[in-house]
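Residue numbers (this note's numbering), protein chains in the order written: chain Y, 4 to 432; chain C, 4 to 432; chain S, 4 to 432.
Wrong hints could be hidden among the right ones.
A pair holds if it fits inside one copy or across any two, identical chains being indistinguishable in the list.
[Said to hold, decoys possible] Derived DSBU-like pairs: lysine-lysine, alpha-carbon spacing no greater than 35 Å straight-line:
id, residue 1, residue 2
1, LYS284, LYS206
2, LYS208, LYS284
3, LYS284, LYS87
Just so you know, these hints were derived from the structure itself, not from any lab.
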Amino acid sequence: MTPLAPMPFPETSFALTLALLLLAPLAIAGVALINTGLGRSRSAAQSLLGSLVVISTAVIAFALVGSAFAAGTSGDHVFHLAGKAWNWAGAGPLFLSGFGAAGARAQLAVLCELLSVALVVLIPWGSGADRLRLPAGAAIAAIFGALVFPLVAHWTWGGGWLAQLGTNFSMGAGFLDGGGAAAIHALGGVSALAVVWIAGPRKGKFPREGLSTAMPGHNVVYVLLGCLIALVGWLAWNMAGSLLWLNAAPATLTVTAVNTLLSAAAALVATFSVTRIRFGKPDASLCANGWLAGLVTSSACAGVVSPLAALFTGLVAGIVTPLLVELFELALSIDDPSGAISVHGVAGLWGLAAAGIFAPQAGQFVAQLIGVSTLLGLMLPVVYLVFWLMNRVLVFRVDPDGERIGMDLHELGGNAYPEFVVHRDESYR
Amino acid sequence: MTPLAPMPFPETSFALTLALLLLAPLAIAGVALINTGLGRSRSAAQSLLGSLVVISTAVIAFALVGSAFAAGTSGDHVFHLAGKAWNWAGAGPLFLSGFGAAGARAQLAVLCELLSVALVVLIPWGSGADRLRLPAGAAIAAIFGALVFPLVAHWTWGGGWLAQLGTNFSMGAGFLDGGGAAAIHALGGVSALAVVWIAGPRKGKFPREGLSTAMPGHNVVYVLLGCLIALVGWLAWNMAGSLLWLNAAPATLTVTAVNTLLSAAAALVATFSVTRIRFGKPDASLCANGWLAGLVTSSACAGVVSPLAALFTGLVAGIVTPLLVELFELALSIDDPSGAISVHGVAGLWGLAAAGIFAPQAGQFVAQLIGVSTLLGLMLPVVYLVFWLMNRVLVFRVDPDGERIGMDLHELGGNAYPEFVVHRDESYR
Amino acid sequence: MTPLAPMPFPETSFALTLALLLLAPLAIAGVALINTGLGRSRSAAQSLLGSLVVISTAVIAFALVGSAFAAGTSGDHVFHLAGKAWNWAGAGPLFLSGFGAAGARAQLAVLCELLSVALVVLIPWGSGADRLRLPAGAAIAAIFGALVFPLVAHWTWGGGWLAQLGTNFSMGAGFLDGGGAAAIHALGGVSALAVVWIAGPRKGKFPREGLSTAMPGHNVVYVLLGCLIALVGWLAWNMAGSLLWLNAAPATLTVTAVNTLLSAAAALVATFSVTRIRFGKPDASLCANGWLAGLVTSSACAGVVSPLAALFTGLVAGIVTPLLVELFELALSIDDPSGAISVHGVAGLWGLAAAGIFAPQAGQFVAQLIGVSTLLGLMLPVVYLVFWLMNRVLVFRVDPDGERIGMDLHELGGNAYPEFVVHRDESYR
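Please model the complete structure; the sequences and the hints are all you need to start from.
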């Protein structure tokens, strides 16, 4: 992939990309609804209001600051090492100034990135459910919108060093990430891991004695409806991404759509079967996680593989996700209510690797592995460090009293469902 | 209608069809949400998880097997009778092999059919609410995805014998089904009837003495919200279908959209009035059924009639639907929680007939009647027989204990709303 | 802006506008869901069924009658004053006769107006929550669909006198309303004010002694999910409106989309901050109002301003909305459950004025002010008078007994959530 500006972009492709990008927020709505359904009823309003807050904050921060670093321009920040140019940050204008005069494709790239950063920040927000404070969510969103996401987006989409692995080191077409499996999902999953490490598990999740406590989502209908709404957003997102970041011709996009659908379907069937075998009955929330993991996998694969390969990659995602969710919880004592670490993080990385396995170009797999390694080896420690520092200043986690009464009453002064009677099971409340 | 392959398909039509097909899953999401809302709270998670399961199973079965039978190719399976060739099944490749190299239009047809089969299997699943087991739903979805739906789709969309009624017997343009009123809705409605016959009514629905028991849906907001979400999907579906199956030029599609909207609106007003006259107060669930019946009617009519005719056909659907739902329940002791037999079955058949009445071509009405007769006279007994045989092997209906505690606890081991207090009215639970 | 008929409309623009208009109902679904969530649980089914009823009634009335007055034709009704022609009503055909033969653009205009009138009538319906009767809602919808909305739409979109301010009096490009801030939102807000004046506040809202009673919405998740769903509809609506009513080239639309998103985001952040400062904690429902006010503002501005200006106009909307909601309630004893007077009315008028401030054309601000004055000075008294007369005949407000048991039981004979246990707090029920 090369910088965006000089590329021609025929009118039909432009109109199609634009129409598809408008649908992308349905993925955002779906993920936000899933997050809320997987949390507790007494934190439901805070979860969804927080979603609006992190989306808004990230979008504004990206528009004012981050878009400058994400852009691919002739004056990009570059350092030289081993005889090669390493393009590590864009140098576009601040405040989106001159936006209306930019090229059609550069404008679409900004719109796509605005929506992408809105989805990125939802992912750690969901993992911090029931204890992450609104100010922490907003601060994370601000720093992700202004700096963290723009850098990763620049490396992969803005003609940065990951995209240039192809031209610089003959690694296939350079790092490929059509639907945002790296810049959105893996980055979001990595951040989710950092958030739950720092915020710690919910009270009562891991009692001193005995097994961890199951804390089922308060509304499974929200969770499963969110899966269906997210599907529409994902279909559109993968196709818009293929047009924008993979230079796909419209005629090739039907395969992308079919792949997206098959990946989700295969993952759902796999998770259904795995949880049925593992627990005797299928688990609805884990099935939702599996479906979503299939979609996340497709974010990397749908534009570059065949339908059968999409079935296979989705199947693997659906098998691995419920096992990982359990492993993280039981073996590593990680309390991740939305399962985002597995669903967005691991499935995103798996998809990126799989895209390298199934892509026809020589060296593509190495390029993908370098991208995966960058997210795990560079972004995870960096994000953890940033969050650790932030947590010293504004405290991520609610105080115990607030956690006891619920985030809604504590942070908003009111419940999401003031007229409904809820159980008072004090064993873990 | 003739086989798809040789037809030219201009770029704008291609891009528009593709974008519209991405919206079609909103019809699926809407119907799934309506189904869940019309069932009981203690089966809500099973209803919606089951929706994901039947969608996924049907989609995979169609991709691996069914697409071969649905395709329109030069090597279609044909028998000769009365001096004519009867094209009864396609002969495309299994496993979608070579899909990426197929023509643009053939690819879009597969995408449309993948989404169609996902919607077909939701329809009987909704009618089996509160007692149909997940394995039964998955088995139905597998056989519909692999065989039943592909045949009907081939006959109507893949250049099969119903489509060839025009060229073979001068019956107008052959059997017309732009939006899937036959291959999706009437087929789904017919299957819903077979399911409820075999699964039987919910316990307590028809007590030994007295009238049938009203079992209101547990969340009317889901039902009515589903209606609004489904509208978007239907608008897109009817227009994509017109482009794909009726060879409509984009410029004619605005009428299709207006017709879809007017058909739903007229049906809603009609059902509102009928239930108000009949019961003294309008019935919200039946109004939702009416709205949906108007949309289903439009699946056949929207692409071929005028706005005034769309108003009229919707009006008729809205008048007939609530009366039929009552008739099926009281006179025939049929327990159809989602009303799918009337909403998808009868309204779909009515729409197909009405398309024949209002279409300008000579002989169109006869072609439509032959399609309607095929669904009722051939598909209903065949589907019933298939389900009867399946029921001997894997038992469609949950055991009485499972029905008493609810499908969620019985099949999933957990409730959809674990934190909310629900009424324990034991009269029929 | 000039009449629509003679304008050329390239194929890509046509297809894009059509695809975008199909998404517009998501704005309708979002607003309907927000209205329902902001009302009481015992009126939830009536709220959402009423939404379907008012949408359907308005759409049918517009198709049969109103479209004739909205159309821009060579035979428009004109009177002459001060040496100028004042075009005050269209003279198209009744019953959409000849619709299929109309020009592509005129057809799209009708589709856009059908969707617009459906959204207009939702706005006063939401403000009348918990006491406005279904027959009143339907009657309002009928008169708005047949007469009130068509006139305003004709003045602004159909080449009427407001649109001609540019050619007649050199006021910029004439009154500009790309996304319906005037014909939809300000008109709807003005009607909401008339409805609450006539229907009066809910029982217990303003007790004889002490402050007004807070009556929180019964489901904040619906409210906030509605915000996310509405976003997709708004993005599409603003872009379709720019194509249709501002003659925008597709290439300029990315800015419109970015502006829509930034306007909502800035408004949300502003309302969050204002309510946090004002009440100590952010208010979730008011934040939803703020987000929506940002979207409403963008309906006027998104197509004509820069991203920074969109941030600013959204910010102002988000600051003003919560203060106005409080002012209307405390100082003027207005009980507006959905906040529509501020959210749609004031934010719409602010957006129209702001579009005049930021638009480059000379005289544009005057044209916008004349439009704002027309809505406040002409439409508000006219609508109030019409409602006052209607109220004499069919009584807008439910009787006290009906209000006590809730609109669902009273008008529909059943609850939205029959299985859930709700609190019986008799202090204001």
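Hint by hint, here is what the structure shows:
1. For the identical chains of this complex, LYS284 and LYS206 are neighbours both inside a copy (27 Å) and across copies (24 Å), given an alpha-carbon limit of 35 Å.
2. For the identical chains of this complex, LYS208 and LYS284 are neighbours both inside a copy (22 Å) and across copies (28 Å), given an alpha-carbon limit of 35 Å.
3. Proximity of LYS284 and LYS87 under a CA criterion of 35 Å is satisfied in neither setting, with 55 Å inside one chain copy and 53 Å between copies.
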